[in-house]
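Novice: Starting from the known structure of chain Z, arrange chain B on it as the hints suggest.
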Amino acid sequence: MFRRSRRNAEDKKEKVHRPSRATRLFVVLRKLKKSEMAIAGLGIVSFMSMVALLAPIIAPYAPEWKGIARQAPSMEHFFGTDNLGRDMLTLIMHGARISIYVGVASVLIEVVIGLSVGMAAGYFGGIIDEILMRIADVIFTLPTLMMLLLAVSMFQVRGIHIIILVIGGLGWPFLARVVRSEYLSFREETYVEAAKSMGATSWRIMVRHILPNILSVVIVIATMDIPWAILYEATLTFLGFGDPASSSWGVLLQRGEEHLRTSWWIMTFPGVALLITSLGFNLLGDGLRDALDIKLRE
Amino acid sequence: MPLRDYVIRRTIIIVPTFFLITIVIFTLIHLAPGDPTAIMGGPRGLPPEIRDAIKREYGLDQPILVQYFVWIGKLLRGDLGFSYINQQPVWQMIAERIQLTLELLLTAEIVSIVIAVILGVIAAVKHRSITDAACSVGALVGYSTPDFWLAMVLILTFSTQLKLFPSSQPYSVGVPFASPFDAFLDHLRHLFLPVVSLIILWTAYLFRMVRSAMLEVLTHDYVTTARAKGVKEWIVIYKHALRNAMLPIVTYVGNSVGFLLSGAAVIEYIFAWPGLGALMVQRTELRDYPALMGLSIAIAIGVLIANLCSDIAYAMVDPRIRYD
Numbered sequence: 000m001f002r003r004s005r006r007n008a009e010d011k012k013e014k015v016h017r018p019s020r021a022t023r024l025f026v027v028l029r030k031l032k033k034s035e036m037a038i039a040g041l042g043i044v045s046f047m048s049m050v051a052l053l054a055p056i057i058a059p060y061a062p063e064w065k066g067i068a069r070q071a072p073s074m075e076h077f078f079g080t081d082n083l084g085r086d087m088l089t090l091i092m093h094g095a096r097i098s099i100y101v102g103v104a105s106v107l108i109e110v111v112i113g114l115s116v117g118m119a120a121g122y123f124g125g126i127i128d129e130i131l132m133r134i135a136d137v138i139f140t141l142p143t144l145m146m147l148l149l150a151v152s153m154f155q156v157r158g159i160h161i162i163i164l165v166i167g168g169l170g171w172p173f174l175a176r177v178v179r180s181e182y183l184s185f186r187e188e189t190y191v192e193a194a195k196s197m198g199a200t201s202w203r204i205m206v207r208h209i210l211p212n213i214l215s216v217v218i219v220i221a222t223m224d225i226p227w228a229i230l231y232e233a234t235l236t237f238l239g240f241g242d243p244a245s246s247s248w249g250v251l252l253q254r255g256e257e258h259l260r261t262s263w264w265i266m267t268f269p270g271v272a273l274l275i276t277s278l279g280f281n282l283l284g285d286g287l288r289d290a291l292d293i294k295l296r297e
Numbered sequence: 000m001p002l003r004d005y006v007i008r009r010t011i012i013i014v015p016t017f018f019l020i021t022i023v024i025f026t027l028i029h030l031a032p033g034d035p036t037a038i039m040g041g042p043r044g045l046p047p048e049i050r051d052a053i054k055r056e057y058g059l060d061q062p063i064l065v066q067y068f069v070w071i072g073k074l075l076r077g078d079l080g081f082s083y084i085n086q087q088p089v090w091q092m093i094a095e096r097i098q099l100t101l102e103l104l105l106t107a108e109i110v111s112i113v114i115a116v117i118l119g120v121i122a123a124v125k126h127r128s129i130t131d132a133a134c135s136v137g138a139l140v141g142y143s144t145p146d147f148w149l150a151m152v153l154i155l156t157f158s159t160q161l162k163l164f165p166s167s168q169p170y171s172v173g174v175p176f177a178s179p180f181d182a183f184l185d186h187l188r189h190l191f192l193p194v195v196s197l198i199i200l201w202t203a204y205l206f207r208m209v210r211s212a213m214l215e216v217l218t219h220d221y222v223t224t225a226r227a228k229g230v231k232e233w234i235v236i237y238k239h240a241l242r243n244a245m246l247p248i249v250t251y252v253g254n255s256v257g258f259l260l261s262g263a264a265v266i267e268y269i270f271a272w273p274g275l276g277a278l279m280v281q282r283t284e285l286r287d288y289p290a291l292m293g294l295s296i297a298i299a300i301g302v303l304i305a306n307l308c309s310d311i312a313y314a315m316v317d318p319r320i321r322y323d
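Just so you know, the sequences run in chain order Z and B. First residue of the first sequence: 0, per numbering that gives the first Met the number 0; consecutive thereafter. First residue of the second sequence: 0, per numbering that gives the first Met the number 0; consecutive thereafter.
Chain B on its own, in the form it takes in the complex:
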């Protein structure tokens, strides 16, 4: 199958997956007994007539299937609904924050992939050496570290004690900047601690994958053959081994996007970084469920696109996959 057909087929599969995702998200939100008006208005609750008015307003008095189809219908027309809390359109909330989230994610993801690949290759090539052991133990510790705790430790050392980097918000508030460049530097300083937390966590996670993929590839016959033919060791490693190990690595990275996003939400929350993850946590506290559903759909679409990209990248490097 030519690559173009594979891409088309792979893209079409997104449609049923997307509908399944909407079902999963809708079910999760409606798992709890009762309706959201029961928990609005704090411990004393709302008077029944106001509850009924809210239910009518948001269509909560309809049967659950009708609610689902109404929601899907609006979703397909690009209408994510309005927040319970401030009546802001949900898509607008997302649009305002998505840039900050992407900035954080992409910076951290690129840096951690680079570090993880370099360290992973070194560890696999020097299998069972001190370097390998040190990297592996380090990665296991990083892998076991609670993300929010790591963020607090970084804040405690670099912000509270050393006063090197600010610990919250993407910009300094109320400080006049001499030039746009100063403002940019200030932004970078704010970006530093959240990005470093994510890099530590993600590198630990990705390193384990790269190392095991490399170890696997290095046992293949063509590596032995290349060595036997007298090919230089670094060429064996980069041309013969790493190129083939990149295949599973690309899939792993694509598949782990969802996992990585979970950590990012917590990091955003702790550093008061007003991105999608922090918004998600905050709206969960407020039980603002149109916002929650809209946000989840937006995040799910992001994950779908990331998976699509990684699958296409895989098919581009490895023609075998297209014949599945």
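Bound conformation, chain Z alone:
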């Protein structure tokens, strides 16, 4: 009897103080649904992800298939063929796999580093905070492409994983700064103090009490950084620092530039695919930011 009543009281208290997780999710979804841009973004992102996932099944030709070189777009080859006679639509579909993979993988690395650095800076404070944030500032202000080139230049092997590592390894400063400032503001909350007084370890406070509160900011920044990761991968491979044997959109565009004056379609369609994908993630990122009502401050 006693137990039951106590639980009821707890339930009530929770309802008064803040809506449950499901309700909050519902509010966010409703806001997202109202924003046409976010829906468009979500549509584009899902479409591109489906294409990437199903590329081997839905592509009209095999990626190795070769016909007559440099055919203009026709009913047989919607996007024409490249300089080796391969079907452009097929290559673009397979390229989507690489782009989406790079976008997600490098942003995951970025999130891991950004979260750790931001939390560590906020938690330890003092000299460690100062050093970490100065490094973040320097990486943030220097031209990204310059640093990517520097980091890529000295590797003997060239390939997608080096690029993912480099993009993720240099992309974290903004996220770290935001995580740090969020951490500092949440550290002052009463529930953190309460947890502390109950003897919770600082690790537990960080992971169980503070992390869930800054998750939405992290998700928004991660979504907004995916298009940049995708664009930088394409740029690096376009400039010749990727794997020339892959069908990354950057490689296709590089070939397109070589044949720019004779076959416009080789360079046009991979570029459009790149533009649409990055637009999709940007729309989704902007929509999420507005729906979760996040002001990105440093």
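Calculated directly from the structure, the hints in this document are not laboratory data. Among the hints, erroneous ones may be present.
In silico DSS-like links for lysine-lysine, alpha-carbon gap of 27 Å or less [claimed, not checked]: (1) Lys73/B - Lys54/B; (2) Lys73/B - Lys33/Z; (3) Lys32/Z - Lys73/B; (4) Lys30/Z - Lys125/B.
Specialist: Coordinates of chain B only, in the frame set by chain Z:
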């Protein structure tokens, strides 16, 4: 704190930042395992005795910390080293090309700031109108466009198809000019396509900042008060709103210099514009790492100066910032 003290203090902070930058650049270059002689000489590599000779010549056989201090020591004396490829002093390579880069950057930056501010103000004032929506969607598309692809599209339309503008090099080669004025016109025609690509990309980027800064300012009470007092709308917008919105805009522009330079390098590369960015890409291909380190330092100093200028400009318009 008077402005003079702020400027002095802000300038002194550059010194530790500069050293941190040298550490970051040095680390990035030495991230990869092995040493540069392993990748010189193509796929077959160099014979070991030549590799050892090169290592001794460039001090690569020293421990990494010693290498760093040797490099810093030379750097502080203004010695950026010599290129691996043609033994040219690196500072000379930079001096030869910096003018072309600055020309491209400054032209594009000034024009895009002007366009972005005008459009941003209009979009913010007519918030949620058709104009606002059109500008915002346009900016988002521009923001999502791969820079090198945009450059190729411009080349395809204006150079290959319409034959209006040349697509590479800053000057026509091998054409005698009747007068210096003709040569200047020719140069402008070559400048057009790279500058337009940069303007499109940067305007899209800056527009989003101006618009959100203006939207923020327009919600303030003093704007409502000014309107309530019957101040003319355009005075409210220019005197009350835009002047205050300029503060975040100045910082944004200063902070985005690094970002903008990334795009400029790709544009230079595609238009065969022999500036610092194109040189950087080319030397990365050749793995000419004294040149890469020298170039990065030069670019980093440029970014530092740009940030310094924007911070000082900020402190000049907004006295509050000096009391930080």
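Novice: Evaluate each hint against the coordinates.
Specialist: Hints and how they fare:
Restraint check for lysine 73/B and lysine 54/B: the C-alpha separation of about 18 Å stays at or below 27 Å, so the hint holds. Taking the CA atoms of lysine 73/B and lysine 33/Z, the gap is about 60 Å. The hint is violated against a cut of 27 Å. Pair hint lysine 32/Z plus lysine 73/B does not hold up; C-alpha atoms about 59 Å apart against a cutoff of 27 Å. At roughly 23 Å between alpha-carbon atoms, lysine 30/Z and lysine 125/B fall within 27 Å of each other, so this suggested pair holds.
Hints 2 and 3, counting from the list given before, are not met by this structure.
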